[in-house]
Amino acid sequence: MSEVWPVYKGASFNLWEPDTGVYYDSVDAEDTAVHLHDKRQSQSRTASSAFSELSSTVLADSGTLPCRRARIAFRDVTRATDTRTLIAALVPPNRVIVNQAPYLLQTAGSVRDEAYLLGVLCSMPCDWQARRTVELHMTFEQLNLLCIPDPGEGHPVRDRVTEIAGGLAARDERFQEWAVEVGVPVGQTRAQVAAGGGRRCAS
Numbered sequence: 021m022s023e024v025w026p027v028y029k030g031a032s033f034n035l036w037e038p039d040t041g042v043y044y045d046s047v048d049a050e051d052t053a054v055h056l057h058d059k060r061q062s063q064s065r066t067a068s069s070a071f072s073e074l075s076s077t078v079l080a081d082s083g084t085l086p087c088r089r090a091r092i093a094f095r096d097v098t099r100a101t102d103t104r105t106l107i108a109a110l111v112p113p114n115r116v117i118v119n120q121a122p123y124l125l126q127t128a129g130s131v132r133d134e135a136y137l138l139g140v141l142c143s144m145p146c147d148w149q150a151r152r153t154v155e156l157h158m159t160f161e162q163l164n165l166l167c168i169p170d171p172g173e174g175h176p177v178r179d180r181v182t183e184i185a186g187g188l189a190a191r192d193e194r195f196q197e198w199a200v201e202v203g204v205p206v207g208q209t210r211a212q213v214a215a216g217g218g219r220r221c222a223s
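Going by my numbering, the first residue of the sequence shown is number 21, and it counts up by one from there.
Take these hints with a grain of salt, some might be off.
[Claimed, not checked] Pairwise CB distance ranges (calculated):
id	residue 1	residue 2	range
1	Glu173	Gln63	27 to 35 Å
2	Asp192	Gly216	17 to 25 Å
3	Pro169	Ala128	15 to 23 Å
4	Thr209	Lys59	35 to 43 Å
5	Met144	Ser76	37 to 45 Å
None of these hints come from the bench; they were simulated from the model. Glycine residues also receive a C-beta, built at the ideal position from the N, C-alpha and C atoms.
Start from the sequences and build out the full structure, keeping to the hints where you can.
Next comes the structure, spelled out in structure tokens:
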């Protein structure tokens, strides 16, 4: 039997909850990977596409497809009844995501940078920024208006945000590879993360 991948929608994840078990659909993994590889190759030839920033080596390797790695996704639809306007999460590898849950394509930087960004996006100050301007849809245009402070790698506050976000996001073994690059163990409880239990682990 061929492998099947869940298709994520906005309700498939929540803050620090990578998988609610609610899916849009499911797809055949092999067929989908071939389709997405061809689509990425095609889109990379368009200057406005984020895929155009990737090297030819990366583009040629279907193993580097975004769906094969953990990545940050956020909900497009926002509601006045939600306690948060910006709802982002690190979703597991081997997931396909519909347009109502846009994802961030990492074309530069490290996984620790990605963990730090996730921590900022899931913070109350960042949500306050979003709530001031966003009404119905959290678009990339709205996301790009957010102020993301970055004191630089090695700054104690940045490093702590990275470790907290990494510890909260790496919920189980699906995030093992990502967690190793961040330098945190998987499967920590919130109490362990808060207590600073996410010591950097060797790769």
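Each hint, compared with the structure:
1. The beta-carbon spacing between glutamate 173 and glutamine 63, approximately 31 Å, falls within the hinted interval of 27 to 35 Å.
2. Roughly 21 Å separates the CB atoms of aspartate 192 and glycine 216, a value that falls within the hinted 17 to 25 Å.
3. Distance hint for proline 169 and alanine 128: a CB-CB separation of about 18 Å, consistent with the stated range 15 to 23 Å.
4. Restraint check, threonine 209 to lysine 59: a C-beta distance of roughly 39 Å satisfies the suggested window 35 to 43 Å.
5. Separation of methionine 144 from serine 76 is about 42 Å and conforms to the stated range, judged on CB atoms against 37 to 45 Å.
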